[in-house]
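Undergrad: Work out the full structure, taking the sequences as your base and the hints as a guide.
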Amino acid sequence: MKNMQLKVARIQNDLSQEQLAQRVGVTRQTIGLIEAGKFNPSIHLCISICKALNRTLNDIFWEEKDDETNHG
Amino acid sequence: MKRITDERQEYEIYRIEHVALWTVFWLLVASIPVQLLLFREPVMILGECICVLIVSVFILISFVKRGLWGNYTTPTWKTHLLSGVLTAVIGTSVVAIPLWGKDSFLVSILLSFVVLFPVAFALSYALGVIIKKREKILADETDDPR
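Residue numbers (this note's numbering), protein chains in the order written: chain A, 1 to 72; chain B, 1 to 146.
The set of hints was computed from the structure by calculation and includes no laboratory data. Relax, there's no trap hidden among the hints.
Derived DEER-like restraints, expressed as beta-carbon distance ranges:
#1 A/Gly-25 - B/Ile-50: 41 to 51 Å
#2 B/Gly-70 - A/Arg-28: 32 to 42 Å
#3 B/Thr-142 - A/Gly-25: 24 to 34 Å
#4 A/Arg-28 - B/Pro-118: 50 to 60 Å
#5 B/Val-24 - A/Ala-36: 30 to 40 Å
#6 B/Tyr-14 - A/Trp-62: 23 to 33 Å
#7 B/Val-24 - A/Arg-23: 35 to 45 Å
#8 A/Arg-28 - B/Tyr-14: 20 to 30 Å
#9 B/Leu-68 - A/Gly-25: 27 to 37 Å
Built from N, CA and C at the ideal position, the CB exists for glycine as well.
TA: The structure is reproduced here in structure tokens:
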């Protein structure tokens with residue numbers, strides 16, 4: 001599943017994939033694959049990304065299920 | 001030397017190495033009966049046997065140290081029985097190749113099966129017991145009684 005929260009947060013911070021990658025010490029391809037939902041990052045990398053984007057883990061990596069959304 | 005790959009690249013390198021090295025291992029194992037069939041000379045496969053033995057012992061010790069058994073099975077009586085039978089069948093087949101056509105063929109393969117089966121079964125059982133104990137010790141090390 002695509003991580004749209006990450007893409008939106010990155011754009012709101014006016015960062016390219018390359019710039020975000022440099023800030024967290026990974027390659028641009030890794031950021032691209034996380035946004036595309038094709039790579040699950042470790043908790044350490046998740047925290048680094050959140051810090052770089054001034055967001056919480058919930059903001060970027062929490063997936064709301066349909067039933068939770070409906071009942072929440 | 002400082003690592004310059006990120007965690008995704010490292011993971012993908014591990015996956016490539018995993019597939020490549022297991023392929024090499026099984027090709028090496030397969031080369032043993034093939035060479036025996038072609039040359040019928042056990043001394044020709046000594047190098048391959050030593051390599052397979054070293055890697056196998058390394059894998060076994062690593063699994064025991066970390067309290068791991070495997071991805072698809074657990075150490076049960078059924079698994080030990082299967083390990084014993086498979087090892088005896090494969091081992092006996094390898095032993096049978098250079099002896100094919102000789103007078104001692106039947107006695108030798110029978111003896112091979114009778115020796116290999118209990119040895120493999122006992123080894124599998126002992127490893128299962130040790131690995132279960134090791135798993136408990138490792139779990140206790142990080143246990144929080146509260």
